[in-house]
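Asker: Using the sequences provided together with the hints, build the complete structure.
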Amino acid sequence: MRFFLAMVIACATHSLASAGWLALHNDTNQVLVVQEVQSQDPTKRLGQPQRLYPGEWSRSALHGATTSKSLVIFQADHPQHPLYQGTVAIHGDEAQFSIRRNAGKLDVVPKAR
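Heads up: the sequence shown begins at 0 in numbering that gives the first Met the number 0, then just goes up one per residue.
Hints listed in this document are in silico derivations from the structure and should not be mistaken for laboratory results. Only true hints are included.
For lysine-lysine, the following DSS-like pairs were computed, each having C-alpha atoms within a straight-line distance of at most 25 Å:
#1 43 with 68
#2 43 with 104
#3 104 with 68
#4 68 with 110
Answerer: Encoded structure:
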């Protein structure tokens with residue numbers, strides 16, 4: 000029984016230690032809504048919407064060996080028209096990205112530290 004309990008604690012500790020963070024910073028002057036794409040099938044289930052005000056950060060946990068996240072970003076007052084649909088590549092256990100305008104289009108780029 001002790002061995003089983005020790006294995007459960009070790010597994011839980013390892014999964015907590017290997018979790019990282021995805022951080023998004025709104026570098027626009029618009030209120031945005033960010034949603035993660037939960038599945039890759041044609042129905043594209045979207046995760047919980049996160050409202051992001053200008054200059055605000057959003058953080059979400061990365062579980063396991065996550066190497067990319069698919070995101071959809073809307074303007075808060077026009078949720079039917081996505082401003083950005085794409086995938087961000089994640090290297091390491093902490094990824095910081097800037098949401099900003101680039102040549103009139105919304106873009107998500109790695110944030111300089």
